[in-house]
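A.B. asks: Top to bottom, those sequences are chains A and B.
First residue of the first sequence: 1, per my numbering; consecutive thereafter.
First residue of the second sequence: 1001, per my numbering; consecutive thereafter.
I should point out that these hints are in silico values taken from the structure, not numbers from a laboratory.
Yeah, the Cβ is synthetic: ideal placement off N, Cα and C, and Gly gets one too.
Mixed in with the good hints there might be a few duds.
[Unchecked claim] Examples of chain B residues toward chain A, derived with CB under 10 Å:
1. 1076
2. 1179
3. 1183
4. 1223
5. 1252
[Said to hold, decoys possible] In silico lysine-lysine, DSBU-like type, Cα no more than 30 Å apart, as pairs:
6. A:30 / A:94
7. A:217 / B:1157
8. A:94 / A:329
9. A:223 / B:1129
10. B:1234 / A:157
11. B:1129 / A:217
12. B:1157 / A:223
13. B:1157 / B:1168
14. B:1157 / B:1129
15. A:94 / A:157
16. B:1243 / A:217
17. A:329 / A:412
18. A:339 / A:412
19. B:1243 / A:223
20. B:1129 / A:157
21. A:187 / A:216
22. A:216 / B:1157
23. A:302 / A:30
24. A:217 / B:1514
25. B:1157 / A:224
[To be verified] Computed footprint of chain B on chain A; a stretch qualifies when at least three of its residues, placed anywhere within it, have a C-beta under 8 Å from a C-beta of chain B:
26. 137-150
27. 310-319
28. 369-380
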Amino acid sequence: MSIKKYVKLGLSALALSLSFHAMAAEDPIKVGILHSLSGTMAISETALKDTMEMLIEQQNAKGGIDGRQLEAVVVDPASNWPLFAEKARELLEKEKVDVIFGNWTSVSRKSVLPVVEELNGLLFYPVQYEGEESSENVFYTGAAPNQQAIPAVDYLKNELGVERWVLAGTDYVYPRTTNKILETYLKDMGVAEADIMINYTPFGHSDWQSIVSDIKKFGSAGKKTAVVSTINGDANVPFYRELGNQGIASSDIPVVAFSVGEQELAGIDTGPLVGHLAAWNYFMSVDSDANYDFIDAWVEYKGDEKAVTNDPMEAHYIGFNMYVEAVKKAGTTDVDAVKDAIIGVAVPNLTGGYATMMPNHHITKPVLIGEIQDNGQFSVVWETSSTVAGDAWSDFLPGSRDLIADWRAPLKCGNFNVKSGTCGASAGEQALADAD
Amino acid sequence: MGISRWLASPCLKRLGLTVLLALAFIVASPVKADPGQALLADLADASPRQIDAAIEAIVDSGDPRARDWLDAYGNNRLSRNKNTGQVVEVLRNVGRNWTIADPLTGDNLGEISRRELDRVNINNAIRGKLEGVLAMLDLYSDDPEVQENAAEAMMGKVNNSVVNPLNKLLERDLPGPVRNRIEESVAIYQLEQGDSQARVEAIDVLTGSLHSNARAALNNAVAGDDPAAAARAKQALVSIEQKLQMNRVAETLYFGLSLGSVLVLAAIGLAITFGVMGVINMAHGELIMLGAYTTWGMQQLLPGQPGLALILSIPAGFLVAALAGIAIERSVIQHLKGRPLETLLATFGVSLILQQLVRTVISPLNRSVTTPEWMSGSLVINDALSLTLNRMYVIGFALVVFAGLMLIMRKTRLGLEVRAVTQNRAMARSMGIRATRVDILTFGLGSGVAGLAGVALSQITNVGPNLGQNYIIDSFMVVVFGGVGNLWGTLLAGLSLGTINQILEPWAGSVLAKIMVLVLIILFIQKRPKGLFPQKGRAAEG
């Protein structure tokens, strides 16, 4: 502890002397990075921390924002959900950061929500999630269900003629909510109850024998069957391996996954998986110059020829550039000014188009369907003709059908009920109430 | 994009042809454009609607290279050079520069930036059709194995264009299994497309079949608008269902056995350190993890030979984990003898240190361990029952490890000394046994076996920093359920917990099944606190 203090003292002394040197230079813009570097989620979140550091480095090389340099403040919440809230408080109160980029799991985001709302911070959240939330202080740069799950189901139904559905997921909030939305959506389209099979497994599940065997049985009823997988993280590897071993080829029963990206495939021999699908808003294999430049920079930054990029990294790329533009537009890093300025800001994404920040704090994204290839990459087989705007409140859940989010004046509400004309509790208050 | 389109335009092709003709005229030698070039260019340019025709044209050309081209296409290996418009085969598609070859001549064209390549599109629907086309080609093969695989792939893919060639093929002399498969696949086609007479015959062919495509077709017939066929199909399904029932029971037992053997492997090392020595070692899971990482390291050392690496990992994994175990015993556990609570906390700390060490030194990401060819796939008993090979090896391995351990404990001097020291330490020492040395060796043995479990687990689950955590609870559960200090108990407990879990799982879901097993164990321990096989005699009090 004391060494840390000395280092900090030394650093601040250094900063002080520097500021004497350049009287005109302003304080740096402090960017908090709230990603787990240890514990279970380190597998996914470490790359995001590195992405942010790379983006900040690049921006500084370009001269920062309006002449002000950026400074990364990295903390490690250690995959510990309550610790996320503490670390967020530390970033905002002690480090006085101007913006936070962070979180992966929904539960960690819910833990941080009350803090960023109370202290009026800014949080950019880069991961696809279950929706049903819009906070004044959070910008959701990952996909909402209508930007990933619904288009994927449409693709399976229209392009592959799927009529029977297995909804398989890990047992927590994101798969449960997504599957609830999908179930309603499928039933609205006229799919019978008997043609939907729902299955949940615990985190890190590794024994898939009987579930895969069940899926096989379910798929032999005569209708084209597909698996819609919200199985999280590394439980996918033994799942796919079991599929391969039990001889389920992608041409018989395709699996479309929402949580399997290039990072996950890096830990697996993809030979038997060729042709299974994933739905994302970005793939590393996307053929665009912006993407190739990003990959080249990333490979160089990591010093690893085999380093992979993935969807949440692109989300941070978009979120970071949006923040930069918003600060330029507002001419200040003042949170309220940036919050107002960022709505409507459009920046290039990595797939060759533009992403725009919507009034509900979600962004526009193209939806891509990719097939797994034998080199651990996806090849894009289908994409939406234009970008899709993220919908905070799903149209396929009874409670949220009538809710909209719009953070522009005069509405300024994250869950405005268009029927009753009232605004509900804020997302942070909601998260606190749910936790009790 | 523009260049490639321009290059591919018919105008240019004609131009190229003229140039070629002119060249031929000048050199006065019979130079001819390779017809394959045009075929591949057509495939690359085809719109989704034209793709079938393009594939058919390649097949109809009768070119001996056709199969290789379609294979490369099906495997996503065909790309177009954006600059020259040439269709190339990608040999190596890793990194920023890819190795390409000329599909016409097979010549290696060297490396090219992946920015210059435009992949020839393929998707699942096309791949499915392509598999049918390739299977049709392979049916004429002389190799019976190729023929059999092709017949298998043909199931459910018969359409108007292949049904006649198939019927003609049936007139030939075919090996039994190939004939049966083709008859079944034609029957599926007849059931879907034929008249009512053909349907009834088709149902008779499919009645004995356990193949999922056959069942799918019969299910469709039941729901179809032909009442006679529907009734007959229903009957056929009932008889199939009876046969399936038996297979399902066998399958569940196999699943149970295989999960059980994984539990036994994970727990058997603990049965020695915890069961026999009485040390609560929370870092046991991380010793398993070390074994798994040894397998990964071995495969890195021997690239291209995953099988050999796996076999060498067995002694290496044992050694690495045993040495790590001994280091833990010497540095932490020996100082906490007889203080179980402190041992628990200290070894828990060790487990966290080991996890983070792997994260920092190697990577927080999971490592990819390749499964050797001879361990992937499954042993097909019949159409409804096939046993996955990797699991079968794990079952065998678990039994061998168990037998080996039993031998050491029962028949060797070390085993005798271990039993003596654990039963009465003071007495054993006064008989001249060096208790400290026995402690080290026993702990090393238990840890080494954990390493072996890691080697086996690397083939069925993820190799990552969290591997150990997933197995530590299960391991303790098995040892306690089996009766502390009894290896037979561990074996029986592991296998029975695995089987119970797999019986409950399809019916209750995996989350609930796990809870039910836990509740079952709690109830059992209430009734018999010492587990399945309680130790008897004086050792029981110690």
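A.B. asks: Confirm or reject each hint.
C.D. replies: Here is how each hint holds up against the structure:
1. Checking residue 1076 of chain B against chain A: minimum C-beta separation of about 5 Å stays under 10 Å; hint holds.
2. Against a cut-off of 10 Å between C-beta atoms, the interface hint on residue 1179 of chain B is violated, since the closest Cβ of chain A lies about 22 Å away.
3. At its closest, the beta carbon of residue 1183 of chain B sits 19 Å from a beta carbon of chain A; the interface hint therefore is violated under the 10 Å criterion.
4. At about 7 Å, the closest approach between the beta carbon of residue 1223 of chain B and any beta carbon in chain A falls short of 10 Å, and the interface hint on this residue holds.
5. Against a cut-off of 10 Å between C-beta atoms, the interface hint on residue 1252 of chain B holds, since the closest Cβ of chain A lies about 7 Å away.
6. For the hint pairing residue 30 of chain A with residue 94 of chain A, the CA-to-CA distance comes to about 12 Å; that is within 30 Å, so the pair holds.
7. Of the pairs offered as hints, the one joining residue 217 of chain A and residue 1157 of chain B holds, with about 19 Å between alpha carbons and a cut-off of 30 Å not exceeded.
8. Taking the CA atoms of residue 94 of chain A and residue 329 of chain A, the gap is near 27 Å; set against the 30 Å cutoff, the hint holds.
9. Using a Cα cut-off of 30 Å, the hinted pair residue 223 of chain A and residue 1129 of chain B holds, with the two alpha carbons roughly 18 Å apart.
10. For the suggested pair residue 1234 of chain B and residue 157 of chain A, the alpha carbons sit about 28 Å apart, so the restraint of at most 30 Å is met.
11. With a CA separation close to 23 Å, the supplied pair residue 1129 of chain B and residue 217 of chain A stays within the 30 Å bound.
12. Only pairs whose Cα atoms come within 30 Å are accepted, and residue 1157 of chain B paired with residue 223 of chain A is accepted, the gap being roughly 14 Å.
13. For the suggested pair residue 1157 of chain B and residue 1168 of chain B, the alpha carbons sit about 17 Å apart, so the restraint of at most 30 Å is met.
14. Between residue 1157 of chain B and residue 1129 of chain B, the direct Cα distance comes to roughly 7 Å. Compliance with the 30 Å bound is thereby established for this hinted pair.
15. For the hint pairing residue 94 of chain A with residue 157 of chain A, the CA-to-CA distance comes to about 52 Å; that exceeds 30 Å, so the pair is violated.
16. A hinted pair counts as satisfied when its Cα atoms are at most 30 Å apart, and residue 1243 of chain B with residue 217 of chain A qualifies at roughly 14 Å.
17. Between residue 329 of chain A and residue 412 of chain A the CA atoms are separated by roughly 20 Å; this keeps the pair inside 30 Å, and the hint holds.
18. With a C-alpha separation of about 11 Å, the suggested pairing of residue 339 of chain A with residue 412 of chain A holds against the 30 Å cut-off.
19. Restraint check for residue 1243 of chain B and residue 223 of chain A: the C-alpha separation of about 22 Å stays at or below 30 Å, so the hint holds.
20. Between residue 1129 of chain B and residue 157 of chain A, the direct Cα distance comes to roughly 18 Å. Compliance with the 30 Å bound is thereby established for this hinted pair.
21. For the suggested pair residue 187 of chain A and residue 216 of chain A, the alpha carbons sit about 22 Å apart, so the restraint of at most 30 Å is met.
22. Proposed proximity of residue 216 of chain A and residue 1157 of chain B is supported: the alpha carbons are some 18 Å apart, at most 30 Å.
23. Distance hint between residue 302 of chain A and residue 30 of chain A is fulfilled; the C-alpha atoms sit about 23 Å from each other, no more than 30 Å.
24. For a cut-off of 30 Å, the pair hint linking residue 217 of chain A to residue 1514 of chain B stands: about 23 Å separates their Cα positions.
25. Using a Cα cut-off of 30 Å, the hinted pair residue 1157 of chain B and residue 224 of chain A holds, with the two alpha carbons roughly 13 Å apart.
26. Counting residues of the region 137-150 of chain A whose beta carbon lies closer than 8 Å to any beta carbon of chain B gives 0, which falls short of the minimum of three for the stated coverage.
27. For the region 310-319 of chain A, the proposed coverage by chain B is not satisfied: 0 residues have a C-beta within less than 8 Å of a C-beta in that chain, short of the threshold of three.
28. Judged by the Cβ-Cβ criterion of 8 Å, the region 369-380 of chain A is covered by chain B as claimed, because 6 of its residues qualify and three suffice.
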